[in-house]
Amino acid sequence: MADRGFDVRRQTGFTTIALACFVLLYLPIILLVIYSFNAGASIAIWEGFSWRWYQSAWANEQVQEATVRSLIIAVWASGISTSVAVLAALATTRTPRFRGQSAVFAMINQPLMVPEIVTAVALLIFFAMIKVATGYTGLFYLIIAHSAFCIPFAYLPVRARLQGMDLSLEQAAADLYASPFQVFRRITLPQLWPGILAGAMLAFVISLDDVVITEFVKSAGQDTLPTYMLGQLRRVVTPEINAISTVLLGISVTMVIAFTVLSKIRN
Amino acid sequence: MADLSDTAARRASRVRWMLLAPALTILLLAASGPLLITLVYSFLTPGAYGGVEWQLSFDAWFNVIMQRDIFDETLGWSDAHLSIFWRSVKLSLLTTVACVFFGFPTAYFIATRPKKQRDLWMLLIIIPFWTNLLIRTFAVVELIRNEGTVNSVLIALGIIDEPIQMLFTEFSIVLGMVYVYLPLMVLPLYASMERLDFSLIEAGYDLYATRLQVLRRIILPLVKPGLIAGSILVFVPSLGAYVTPRVMGGGNQLMIGNLIELQFGQGRNWPLGAALSITLLAVVMIALLAYVRAAGNEEVRHG
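So the protein lines, in turn, are chains A and B. Counting from 1, position 137 in the first sequence corresponds to residue 699 in my numbering; the numbering is continuous, with no gaps. Counting from 1, position 49 in the second sequence corresponds to residue 415 in my numbering; the numbering is continuous, with no gaps.
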């Protein structure tokens, strides 16, 4: 029965639905990118190719400020979250079960499990208390909020890398009287860097794309690119939003592909 | 000797907690700590201009599902809240069902490709997942708005005279959520299907089973853990969705996330917002516990 062209893997209609799925997944994004190059002000009627919306977004002061703010926050948040995540990953791999381990894992993974809106509201409440008490309303609130929800994204690739590592080199170094710090710097770190870089990039993208938590934590005049866009969606939308979206999409897609390549690098 | 290993263990433990301290401090400050404060806030009295008065009150929890009539002080169900809860659950379930309908064949399709192609197909699923949720939602808005692509094309073809109102309806919210959460269904389903033993299916056909019987009696039971995991992974963020119903629902079709936001804006009832948040969190935690159990079964099954 298996010969004569009968494919046991086939299920009627599945391939059609799957291919439709891929088309539907990419069609809206592709249209969004195409209309960012529209010469007219419509996002549905094509009037020829132009860079005008990229130029107008580039010249828009609010967009400039929001871009700079988004980048500052993303750089700080990915730097902080990756540094602390590397330390935490070192502390939680290759050790026997320790007291409080599940509590530690629960805390690290909390940002992945708690709905974003709940975290956002909790931060709004807590930071409002601090803002009243100290009078400080700067970017620090956004940076620490972003650092916190980026930690699991930075932690997971580093931990995966540490777990997949060959222990014999570290043992050999320790046998040759290298101090734990020397072992880390000379043996562990050079093998760990693809994991660290992958974690940092993931954290960067996650921070750059955040809407909900930023929307609730930001003080007046602290729009990032996504919250600026969210505010604009209430007004008449021009392809300028498409142009900004296209740039953000470009960054994300590049990062994801680089991340995939990095996590494939063998020890 | 026992002494020596004891000091070594203590030292290792100290080093471990020192390494963990920075991460835990940040998480305590900007994740776990604020949640506890939210719990406290749900038992306080709302301030006149937002914020709270430090006075114990159970009104917020009472108001989650009940209300007192303004005129005769009689108790009743809070119809407004209950209808929003119902909409949230209904739309999240619809989203989950639609994700199964589209995600199951897609995961199966990928799992039955030659081994070398599979990673590439999966990358196509993962890329949208890691791109901005707001932008993806906005992309769907552009497609279905009255002067958007779908309506323009249909009018140009003469199929319809007036645009179909798709945006700002419950349909558009479900469409948006399916679009953004579909990868969460495909990922665990694919993980189950990749390990499918096709000799079992072959055996089924040898015993004269039809394709539908093979699907129902062999494939479905084998990938059930992945199906459960995917369903919960889609249902949980749908239930707590905020951006999609805000952009797609246009302020009329509120879901729990939007109801919570309202309490911190126009509603000026922070304790109620806090109580609603904790309620949502509790429901999500129950769903996630079910997920952990399903994932646990999966591991046992595949040894």
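Some hints could be false.
[Said to hold, decoys possible] Derived DEER-like restraints, expressed as beta-carbon distance ranges:
hint : chain 1 : residue 1 : chain 2 : residue 2 : range
1    : B       : Arg659    : A       : Thr822    : 47 to 57 Å
2    : B       : Ser371    : A       : Gly697    : 50 to 60 Å
3    : A       : Pro752    : B       : Asn512    : 40 to 50 Å
4    : B       : Lys481    : A       : Leu586    : 18 to 28 Å
5    : B       : Ile431    : A       : Thr696    : 32 to 42 Å
[Said to hold, decoys possible] Reference listing, derived: stretches of chain B covered by chain A, where coverage requires no fewer than 3 residues with Cβ under 8 Å from a Cβ of chain A:
hint : segment
6    : 391–400
7    : 427–435
8    : 440–453
9    : 555–561
[Unchecked claim] The list that follows gives simulated cross-link-like pairs (lysine to aspartate or glutamate, DMTMM-like), each with its CA atoms no further than 25 Å apart:
hint : chain 1 : residue 1 : chain 2 : residue 2
10   : B       : Lys456    : B       : Asp485
11   : B       : Lys481    : B       : Glu568
12   : B       : Lys481    : B       : Glu560
13   : B       : Lys590    : B       : Glu419
14   : A       : Lys826    : A       : Asp728
15   : B       : Lys456    : B       : Glu568
16   : B       : Lys481    : A       : Glu609
17   : A       : Lys826    : B       : Glu560
18   : B       : Lys482    : A       : Glu609
19   : A       : Lys826    : B       : Asp485
20   : B       : Lys590    : A       : Asp728
21   : A       : Lys693    : B       : Glu419
22   : B       : Lys482    : B       : Asp572
23   : B       : Lys481    : B       : Asp563
Everything labelled a hint here was simulated from the structure, so no lab data went into it. Note that the Cβ used here is the ideal one computed from N, Cα and C, for glycine as well.
A quick look at each hint next to the structure:
Range check, B/Arg659 to A/Thr822: about 31 Å between beta-carbon atoms, so the 47 to 57 Å window is missed. Restraint check, B/Ser371 to A/Gly697: a C-beta distance of roughly 53 Å satisfies the suggested window 50 to 60 Å. Separated by about 58 Å at the C-beta atoms, A/Pro752 and B/Asn512 break the suggested range of 40 to 50 Å. Look at B/Lys481 against A/Leu586: about 26 Å separates their beta carbons, and that is inside 18 to 28 Å.
For the pair B/Ile431 and A/Thr696, the beta carbons lie near 37 Å from each other, so the given range of 32 to 42 Å is met. Counting residues of the segment 391–400 of chain B whose beta carbon lies closer than 8 Å to any beta carbon of chain A gives 9, which meets the minimum of three for the stated coverage. Figure legend: the segment 427–435 of chain B, annotated as covered by chain A; annotation inconsistent (0 residues with Cβ-Cβ distances under 8 Å, at least 3 required). Coverage of the segment 440–453 of chain B by chain A is violated in this model, with 0 residues showing a Cβ closer than 8 Å to a Cβ of that chain against a need of three.
Against chain A, the segment 555–561 of chain B contributes 0 residues with a C-beta closer than 8 Å to a partner C-beta. That does not satisfy the three-residue criterion, and the hint is violated. About 34 Å separates the Cα atoms of B/Lys456 and B/Asp485, which puts this hinted pair outside 25 Å; it is violated. With a C-alpha separation of about 19 Å, the suggested pair B/Lys481 and B/Glu568 falls inside the 25 Å cut-off, and the hint holds. Annotation: proposed proximity of B/Lys481 to B/Glu560 holds, straight-line Cα distance about 10 Å (limit 25 Å).
Restraint check for B/Lys590 and B/Glu419: the C-alpha separation of about 50 Å exceeds 25 Å, so the hint is violated. Between A/Lys826 and A/Asp728 the CA atoms are separated by roughly 16 Å; this keeps the pair inside 25 Å, and the hint holds. Taking the CA atoms of B/Lys456 and B/Glu568, the gap is about 39 Å. The hint is violated against a cut of 25 Å. Restraint check: the Cα-Cα separation between B/Lys481 and A/Glu609 comes to about 44 Å, which exceeds 25 Å; the hinted pair is violated.
Restraint check for A/Lys826 and B/Glu560: satisfied, since their Cα atoms lie roughly 19 Å apart, inside the 25 Å limit. For a cut-off of 25 Å, the pair hint linking B/Lys482 to A/Glu609 is broken: about 42 Å separates their Cα positions. Taking the CA atoms of A/Lys826 and B/Asp485, the gap is near 11 Å; set against the 25 Å cutoff, the hint holds. Note on B/Lys590 and A/Asp728: the hinted pairing is violated, with a Cα-Cα distance of about 35 Å set against a maximum of 25 Å.
Note on A/Lys693 and B/Glu419: the hinted pairing holds, with a Cα-Cα distance of about 17 Å set against a maximum of 25 Å. Under the criterion of a C-alpha separation no larger than 25 Å, the hint pairing B/Lys482 with B/Asp572 is inconsistent with the structure, at around 29 Å. The straight-line distance between the Cα atoms of B/Lys481 and B/Asp563 is roughly 14 Å, inside the 25 Å bound, and the hint therefore holds.
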